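There are 2 protein chains.
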Amino acid sequence: MANIGIAGATGAVGIEILNVLARKEIPVGELKLFSSARSAGKKQATPFGEHILEEFSLDACENLDIIFLAVGGDFSREYAPQLAEKGITVIDNSSAFRYDENIPLVVPSINAEAIGNSKIIANPNCTTAILAMALYPIYKEFGLKKLIVSTYQATSGAGNPGMQELLDESKNYLDGKPVGNNIFAHPIPFNLIPHIDVPQENDYTKEEMKVTWETHKIFNDNSFPISCTAVRIPTLRAHSETIVIETEKNIDENGGIEKIRELLQQSSGVHLQDDIRNNIYPMPLNASEVYDVQVGRIRKNLVFGDFGLEFFVCGDQLLRGAALNSVEIAEVVLSER
Amino acid sequence: MANIGIAGATGAVGIEILNVLARKEIPVGELKLFSSARSAGKKQATPFGEHILEEFSLDACENLDIIFLAVGGDFSREYAPQLAEKGITVIDNSSAFRYDENIPLVVPSINAEAIGNSKIIANPNCTTAILAMALYPIYKEFGLKKLIVSTYQATSGAGNPGMQELLDESKNYLDGKPVGNNIFAHPIPFNLIPHIDVPQENDYTKEEMKVTWETHKIFNDNSFPISCTAVRIPTLRAHSETIVIETEKNIDENGGIEKIRELLQQSSGVHLQDDIRNNIYPMPLNASEVYDVQVGRIRKNLVFGDFGLEFFVCGDQLLRGAALNSVEIAEVVLSER
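As you go down the protein sequences, you meet chains E and W in turn. If you're matching positions, the first sequence starts at 258 in our numbering and goes up one per residue. If you're matching positions, the second sequence starts at 258 in our numbering and goes up one per residue.
No lab work stands behind these hints: they were computed from the structure. Just so you know, not all the hints are guaranteed correct.
Treat identical chains as interchangeable: a pair holds within one or across any two.
Claimed, not checked - Straight-line C-alpha distance at most 20 Å; calculated SDA-like pairs for lysine to any residue:
1) K428 to L493
2) K402 to L591
3) K402 to F476
4) K463 to I309
5) K403 to N507
6) K463 to N536
7) K516 to D460
8) K463 to E312
9) K403 to G562
10) K281 to G306
11) K403 to E505
All of these numbers come straight from a predicted model, not from anything done at the bench.
Based on the provided sequences and hints, a complete structural model is requested.
Pasting the structure below:
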């Protein structure tokens, strides 16, 4: 049995962590759900029965084995080191520690071994986690020289308030009422916003650079350049991405597209949806609320010749992009106790 | 004065052709509005007053100088040659003649001279026209080695019924009712569909290949490879695109990003929206129902070094992608009479 805490238990990611813990039948002993002071004392229905929300304190964590942090970077920066010092394994969903060379950044099916004895483990950015699941099997077999990504990101990236804003403001739009925005920089219904997170010095956004930084770190290889444009679109909870790569090895001479399909079919956590003639390809409609990352529209890229590949992925932002990946990290930690 | 006909006058593109003709104060003499047999006899309000819809016939076109075809490829293939034989200039919005080497494919600010004495002139695919407006000034100055496009295409690409399906089915979704699809292969509200037009032998869709074929033809240069993923998203009438290019000339050594901005600022039909720190970038919200193609998020691409550029464009699909471009072709034809 493991005593488990969740900071941010009422948020979109926190709720999914509870669901995944239950679905995976993780043997949960004590369960502590931490929320804002405002919600503390309220009851929350969970797959483990009704629990009373608590305000976070280090003392309240005393008996925990693992704590999931699904709050914000500032919270993680303040508390993660203190929790780790108490011997609690911290699985952090924020970007606070992802670029710290002493902290492992983990997608378990790719680099579980990076966890080692670390007491703080960073969960990657959602876009990167979804991308990595589909890209890694290809990278392993064919190598990578270039990676170009364009994203189609759901409002769940901004949590429940983001999804709610899309629904509420879409309704306003359809009712002919003024359409506002509070969570997003502009109204999101029937619109898109090519701006996620803050701009960096190179005019890429932080969200775009996360894909570069984190893919390199997870693959433990920064030899291939990466470029990304990250775009928010009016969908709810699955991120999609167009992916163009140049490989090291000649694809045609090493099994061609059929070999790529075979690799992906054999990869756990990936679901091939690649039959456009029967209208089958990755879509948020089918990729939402499921664990596997969908991959399809696989074809030779027309720009990089026999070394070029182009495909489309779609994955649940709250699951593969956050909760599922976090719980899979916990499974590795628990299996090694 | 020019006598003008429109086949498909009640469609989304036909209506915009009427609006653009009026806004540009084209001296319209006789005006013939052709519709399906079902609508013939009905009245249609236009900026030129109320007109009675007619069923199309070659005889009814007798006095026309120019006819816009905004119907489908089959109609164009059947009637365009016969209309041209009567001396009528045919401006065709379908893809029927775009790849015919004897028929010019025209974006007037780029290749107006291609019109020559041709009586049939093809209007490009919407995605290509929007892309070409932003890309051509950069191509002229820096040359092009590679072009990689990902699209975010609006439902207007499927005409009024496409837009109506998005609105109606979004309402159903929000009301908790079943969400259907008739125009699109799958339900479009809060979803996306990486499948526009029919798949080709190389597993690209025809929509994706149009970007390749048509950009090469409009630029009169097929030396640079092009690859595209075309995705339908739940927006109404503006298409967006991420564009990654490798140039012939070193960008940094030839004025850098500032030079690119300057080129675009000086290009007619292009509106620079490139200030992410003030939340300014191309979006359907601002690019809809305006003539200019918006360009922003301009930055050095991280994959192609000093020869790499990445940017984002957004343009009204019905205007720059169809009606506006068609009327601009007509303007060239009329100016040369």
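To see whether the hints hold, each was checked on the structure:
1. K428 to L493: both (14 Å within a copy, 15 Å between copies)
2. K402 to L591: Neither. Shortest intra-copy (36 Å) and inter-copy (51 Å) distances fail the 20 Å Cα cut-off.
3. K402 to F476: within (13 Å within a copy, 29 Å between copies)
4. K463 to I309: neither (36 Å within a copy, 56 Å between copies)
5. K403 to N507: Close inside one copy (14 Å) and across copies (19 Å); limit 20 Å.
6. K463 to N536: Intra 35 Å, inter 14 Å, cutoff 20 Å: inter-copy only.
7. K516 to D460: Classified as between: cross-chain Cα gap 16 Å, same-chain 37 Å, threshold 20 Å.
8. K463 to E312: neither (30 Å within a copy, 56 Å between copies)
9. K403 to G562: This pair counts as both: shortest intra-copy Cα distance 13 Å, inter-copy 11 Å.
10. K281 to G306: For K281 and G306, the Cα distance is within 20 Å only inside one copy (16 Å; across copies 67 Å).
11. K403 to E505: Both: 9 Å inside a copy, 18 Å across copies.
Of the numbered hints stated above, those contradicted by the structure are hints 2, 4 and 8, listed in ascending order.
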